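> Given next are the chains, with one letter for each unit.
Number of protein chains: 2
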Amino acid sequence: MSLSFQINVTRDKARTGRLLTPHGEIETPIFMPVGTVGSVKGVPQDILEGLGAQIILGNTYHLYLRPGVETVRRLGGLHGFMAWRRAILTDSGGFQVFSLNELRKVSEEGVMFRSHLDGSSHFFSPENAMAAQIGLGADIIMAFDECTEYPADRARVRSSMELTARWAARSKKYFEEHKGEVPWGAAGLRPPADNSCTQSLFGIVQGGMDRALRKESAERTVEIGFPGYAIGGLSVGEPRELTREIVESTLEHLPADKPRYLMGVGTPEEIVEYANLGVDMMDCVLPTRAARHGLLFTSEGKVSIKQARYAQDAGPLDPNCSCRVCQRYSRAYLRHLYASNELLAQVLNTIHNLSFYLDTMRRVRHSISLGVESGFLSGV
Amino acid sequence: MSLSFQINVTRDKARTGRLLTPHGEIETPIFMPVGTVGSVKGVPQDILEGLGAQIILGNTYHLYLRPGVETVRRLGGLHGFMAWRRAILTDSGGFQVFSLNELRKVSEEGVMFRSHLDGSSHFFSPENAMAAQIGLGADIIMAFDECTEYPADRARVRSSMELTARWAARSKKYFEEHKGEVPWGAAGLRPPADNSCTQSLFGIVQGGMDRALRKESAERTVEIGFPGYAIGGLSVGEPRELTREIVESTLEHLPADKPRYLMGVGTPEEIVEYANLGVDMMDCVLPTRAARHGLLFTSEGKVSIKQARYAQDAGPLDPNCSCRVCQRYSRAYLRHLYASNELLAQVLNTIHNLSFYLDTMRRVRHSISLGVESGFLSGV
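So the sequence lines, in the order shown, correspond to chains A and B. Residue numbers for the first sequence follow our numbering, beginning at 1 and rising by one. Residue numbers for the second sequence follow our numbering, beginning at 1 and rising by one.
Derived by calculation from the structure, the hints in this document are not laboratory data. Treat the hints with care, as some may be off.
[What the hints assert, rightly or not] Quick list of simulated restraints, FRET-style, between CB atoms:
no.	chain 1	residue 1	chain 2	residue 2	range
1	B	His116	A	Asn101	54 to 62 Å
2	A	Arg328	B	Gln6	28 to 36 Å
3	B	Ser121	A	Arg289	51 to 59 Å
4	B	Arg114	A	Leu117	39 to 47 Å
5	A	Lys302	B	Ser369	36 to 44 Å
6	B	Lys306	A	Ile7	56 to 64 Å
7	A	Lys105	B	Ser99	50 to 58 Å
8	A	Phe123	B	Pro319	38 to 46 Å
Just so you know, these numbers come straight off a predicted model, no measurement behind them. Idealized CB from N, CA, C, for every residue including glycine.
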């Protein structure tokens, strides 16, 4: 068995659950730190484990370009390559290629694109995006989709959504034929208890900002059949209220007994909100990227640590946080590290922000279990 | 009591000992990682502790400019500011100011220099360099000296050495009058066992590459009287054989019962060699700086991790190293992180190189204790 999902407690639309993957159990709702090229920027894997990260995300587009799928495959897949023993999810590369704008050309067959590193030409089809993700060997991989731009007219959104549906079917077909090729055995990392277990492929719902097209996309994706479903194509520039409206309406058309993954979201407030709407999995570069720019999330609100007001502040970054950064260092020290452009600023800031996100989701799970509404716990 | 030094075992010129400071015991010979602006670049303090770092070094010049002595003082000195509970040593600022070349002007009174950060003018005298180091609050601080350039004619070396001797006397006078002002109490960090304990001031021997002037400098510095003595003014461009010759001859003129600190040295081979000559303390930016450039020290020699030959190398960086990097990650992964310009490359490379240096000194102490000659253990 490659994946099982068990719902423990439901409260209104929200639910807590356990997602069992070949590399460990995940408590849902979960936030997944992003490790773009096989590293959550600046954070050693043992510290990530200490923070309680149960699953991390890798980006297929980036890993495909560097170090290349074949290298990762030979080293036992991403688990062996980056020495991460817990669960991993890879995206399909669709969103990343979408972000290249001028460097890509979409056809029925797939997407021709140019590398942001050296301008070289590459081609992703549903089939070779699956081959790449099988070689990378994440526990959960994603169907190859087209992320529709925003804004887009209805005809464009429909044709894009239909292309994604056709690609989903091709992704599943290729995956079913090749899922035995996952390289876990190479580094002795195949879970010994069950040699038949392999990766799981999730489908992605598109349909832009059109509720009817989202419904149709959800129904067509469910019709193809996947062990989990993602909502893609959001956080592409639309207003936040619209994101929420589309998420809420799309969730109604996804099966309640399968994990639901909202891609690329969000702020601490948003991940709490979406968990309360019934989303089980989320990922976002915000906590890590903001950390590197000195923007820190705390129970008392956002802190821009570069500000001179913190230069002599002996207090912890967040008095309600038990992470190793807040337990040891002062705001004055963190401010000094940032102002001095010290490497350690990025390391410590990232550790704190991830800790804050993971703690936030822990509190959400707890409050769902207790049957109480969990607002964002700012100021608590 | 602020410092005690006990020699445990001597073997030829080498010795092992224990240096007791107000913030902990140091086993000598010791290598001190450099934390220029209050951070060993990229390495969180708890990881440094785990590596067994017993004492680290801060640079007075850098800390004076940013965040400023007053800020550090208010936050309990460097121990409180950077949350480092073990021993710290600060340099005098003399060598750093010397490195500014065109930006400085030396007089009997002191050195006028311009900040490398913003070009602003500053003045270091023996008195205010002591005031700065008292404010920073390291366990061991250094007399303000002039680091003589290389090459220099004999008259120039003599006058520079004599200036350093006069500055040493002024440094000691100011220190004796003000050593009660150390800010350890501010953050509750004054060691409770002995409220009278404070910092210790070491003298620095200069005299260029002239053995007679080095002897005279050593005698004059010992005449002034310090609880420890450093050899400065080396590693300034002279050939390595000359460095060794000057170190060896200078050591003969330093009291055997006091700790001897060789400043700014060196490669793994050199720190072993100097420990065998009777040096008790060393510091160098080499392991940390080289790490950030992908140059790694191992028991099998130097590894330039950026090389393509490591791209598929599943083995550990150093099969004889027990550090957390060698125990977990492959050369292929470290090579990928470096090639991808990932933050984690600098973090992991620095952790390994420091571990290698600290382990090297641990082995040297062990072999001195056993009464055997310790060569550099390359290939063992």
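> With reference to the structure, classify each hint as holding or not holding.
Hints and how they fare:
| no. | hint | verdict |
| --- | --- | --- |
| 1 | B:His116 / A:Asn101: 54 to 62 Å | violated (41 Å) |
| 2 | A:Arg328 / B:Gln6: 28 to 36 Å | holds (32 Å) |
| 3 | B:Ser121 / A:Arg289: 51 to 59 Å | violated (39 Å) |
| 4 | B:Arg114 / A:Leu117: 39 to 47 Å | holds (40 Å) |
| 5 | A:Lys302 / B:Ser369: 36 to 44 Å | violated (54 Å) |
| 6 | B:Lys306 / A:Ile7: 56 to 64 Å | violated (48 Å) |
| 7 | A:Lys105 / B:Ser99: 50 to 58 Å | holds (54 Å) |
| 8 | A:Phe123 / B:Pro319: 38 to 46 Å | holds (41 Å) |
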